[in-house]
Structure formats: structure tokens, C-alpha cells
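**Student:** Protein chains in written order, with the working numbering: chain L, 1 to 386; chain D, 1001 to 1154.
In case anyone wonders, no lab produced these hints; they're calculated from the structure. For glycine and all other residues, C-beta sits at the position ideal for the given N, C-alpha and C.
Listed below are several chain D residues computed to face chain L (Cβ distance under 7 Å; list not exhaustive):
id, residue
1, 1104
2, 1108
3, 1109
4, 1110
5, 1112
6, 1117
7, 1128
8, 1131
9, 1132
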Amino acid sequence: MVSICKGSLTKTLFLTLALTFIASPVIAIPPDPDNAALLYYQGFLTLAQLEEVAWDHISNVARGKAEPDDKAREYISKCAGAIEFAEVAVKVPKCDWGVRYSQGFEALMPQLPQMRRLTFVLMVDARIRAADGDYKAAIERCLMAGTFARHVGDDTLISYLVSIAVRNLEYTCMRDIIGRAAGDVELLQWLKNKLATSGTVDLSPVRPLKIEIEIVSNLIRIDNVEKFAWVLALSDEKKAMEIIKKADEETLNQARRIYSERMKSALTILSTPMPYEQAHSRLKQLAEFDQNDPVSMAAKFFAPALDKVLYQMTAVETHANAIKAAIEILMIHAKTGRLPDALPSELPKDGFSGKDFEYEKMKEGFVLRCPGKDSDVYRYEFKIKK
Amino acid sequence: MSTEKDDKWLDELISQNIDTTKPEFDAEEWKTRHPDAFQSILSRRAKPASSNQPDVLRRIFAHPIVRLAAAAVIIVTTGLLLTRDRQRQIGPSPEPRLVADSPTRIVSMISLRTTYQQGGWDALDRQFRETLKTLGPGPSSLTPGQLLNGTNDL
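If we strip away everything but chain L, and leave its shape as in the complex, we get (with noise of 0.2 Å):
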């Protein structure tokens, strides 16, 4: 009698753990996604739905060439969803965009359009923030940009140039918000703690130059013949046609070889420190070759545009080390009340001539410029708030 008791006690001791068990709410409840890339695809996919024009407003006004009015605070009112995504996104570690490397040549990336239009969405806001006066919520927002350039990551050479290009507009936003913030000292400070942590340099083209120079060896064989044609030829049928009748083992072999040793040498010299004239140089030197000879034109047609690759990489570095050297700047204005007269030793330098940025107080601020460069591209504004 007693063991028939023990038996059913055990019985509904187990089935009442089993059913806790069962029941318990942290088992239920699957946790939110570990890759941030699923979560900005749900932010372009709540971006809201405006007519061209607005996109174009939205545009200029994160370029900062418009200043954010009632319309830009309206539109991106309505895209709250997306910038909600993407804030819960720049919190996640990982990202993995999950591009069909299998597919080659014709892996589609139709995210990238998408990233462009997020961050637009985000130096808007950024503005709207700094045009009300919080200066940290809007720098904030800057380096929200400035992580999810991260995040776009550098799978492809394509992404990795988006990824510049948000940096850029980051950089351009937050230049345009700290000389209005030019009297806070301790949120310069802490821009200053901030960037110091995030670098520029955590993303490289080696890594997407390695993944293609893969893709186009193995592309570039008889084997493959035909989809070397349809790519070479930019899927024209006749032109492709053409192709596969010409193409044989040994053309392929050799244009193989010659793509080959291009591309070694373009992964030294961009795995090598040396001055940027001189690397640029290089690289364009390797994007030459003989135009009367087909087997040379076709490697041509898979080696990158590498020079203009290591232009869009060296202006981007030189843009952070701007806003840096602006940091140092402005916080000498904001503890003596005046701007100094020559520029600070020991500033970041500039990353095309690997000098000091040459200095010029101005009558609103300063300006930071690339030495012996006059283009406007190379000079970096900075207005202080009266």
C-alpha cells in the first residue's frame, strides 16, 4: 500500500515538473533575432512609402543641403519604425547580410539601395535632433550611422563602398552638429572618448578583393565557358555567343594568369603601409593593359577599379581624422573662449599627403584642408555657434 502511495506521488511529482517545465514562459518565448541584418530588413521594409520628391528632400536634407523643415520632421516621423529597428539592430554584434556567394558574379545584393535610403532616414533625424538643441541625441544618432557602416560590412567591394559612403555622411553630419555643441566641453570629451573607440580602419577591401579574386579563378575555365561569356559579355546572347565560340582552354588559362598576378600585387600593396601617392600610383599601373590584346582586355573586365577603391578608403580616413583634429580644436575654444591661432602638434594628419591639415580661422569658425589639394572635396568647414 505504502509503495502504491510512493508510485503515484512520484508520478504526480514528475508530471507536475514536466508541465512547469512545459509552461514556463523564458522556454516559450524564442529570443530576438542574433543577426542584426534580419532586423534592418525589417527597417527598409517599414520605411515609409513617399513620393520621389520626398526621398530627394530627405536626401538633401542629410546632405546638409537643406535644413530640416516641417516636411523632412513629417516624413521622417512616419519612418519611426525603420529607425526603431535599426536602433535595436546597432545593439547586435553580428550581421550577416547572407549574400549567395554561389552564385557569383550574379549574387544579387538588392539590400544595398536600401542601406543608403536607412541612413539618409538617420542623418535626417540626426538634424531634426540637433536643430532642437540636443546636441548628444543627435550626435547619437551619427554614431548609429557610424556602427551600422560597420554592419554593412565588407562582404563584396560593393559593400564595402557603401559602408564609406554612410561613414561619409556620418562625418559630414557630425561636422555640421559639433560646431553648434563648440561651447560643451564635456560632450566633446566624450565624442572624443567615443571615436576614439570605434575606428575607421576595422573594414578593409582585402577581404572582399581575396572573396572575388576567388569567384573570377574560378569563373575564368573552360569548364565554366559559358557562364564567363554571359558575364563578360554583360548577358548579350550574341555577344556571349561570340565569346564561347572564341574561347578556348589556353586563352582562359592565360587570362586567368594575368588576372592572377594583377591581383596579388593589388592585395600587397593594399596590405602594405606606404604613402598614398605612391600606393595609387601602383594601382594604377596595374589597371593598365594592352587594348590590342583580347586575352589582356578580358582580364581586364574582372580586375577593380582598385585606384579609386584606395581614393574612396584614404578620403573617408581623412574625413574622421578631420572631425578628430576639429575635436581637439574646439575644445582649446571652448576652455580659453577663443580659437588658437596655428594649429595644435600631434593632430591626426591628413591621409592622402600623411601631413598636418593645414588650418585657417575663419569668420564663423574654421577650416581644415587637405595640404595641396584646392578642391572643395578637401576641405572640412566647421561652424561655431555664436
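Let chain L serve as the given structure and place chain D on it in line with the hints.
**Tutor:** Below, chain D alone, put in the same frame as chain L:
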């Protein structure tokens, strides 16, 4: 929705998108265009068949179970071939063709890369804008009611 209605809709869609006219074989033209193949068929026909073969086949097919099995095989094979043929007509064409014809090709790695090679960042940015005009996602303003509308038919 009835199955018949479904089929009608499908047939209309197929006839709109593919050529459903019966293909006509012009034997004379084929003979002049492919003389080698024609000669090869003639020579094959001229070869004497093995004297044992018809006898063996006749004996095998004399059995009713074998006849029944052969009929079943023919029916199943014909059915399979017809289904495959129909699927081929309405299904996607080979991959490269599909990508080339698809508007999504505008965002393929090679397309974006070529644009950047030729026109730099500005050209790439223009292509992004074009993509956003052409492709989705078109953020939807559907209410849950509109979204679920029609599910009762499933």
C-alpha cells in the same frame, strides 16, 4: 474557387505568355538543312534486323501480364513526359537567361561593379536610386484585414 475555373485561368495565362500554336514539322526542309543526319537515318533503316529479335519479342509480349506491365509503363512515362514538358513551358528558363531578363539584375554584383568601374560612386548612387524606383520592397500600408482578405478561398 472551382478547379475548372483555376485551370481556365492557368490556360489563359499560359496562352498569353507562351506560343501555344502546334509546331509543324517540315520534313523536306529538314532534309535539305541536315543532309548528314538524314543519310544516317536512311543507313540505319537499311541495316537488316537480327532474325532472332522479333521472335524473342513476340514470345515475351505474348504473356498478358507483360502486356499489361508494358501498357502501364507507357502510360506512366507519357504522363511524366507531358507533365515535365508543361512544367518546362511555364517554369523558369535556364538560370542565366532568367537573371538577364529579370529587373533584379540591376542589383547583381557584376552589374553594380561594372557601373562603379565605368562611372564611379556617382553612377553607382544613380543606379541605387533607379533600383529603388523599380524594385521593392514597396512598404505596404495594408491593414491586417486587407492582408488576410481572400484567405477564406484557400
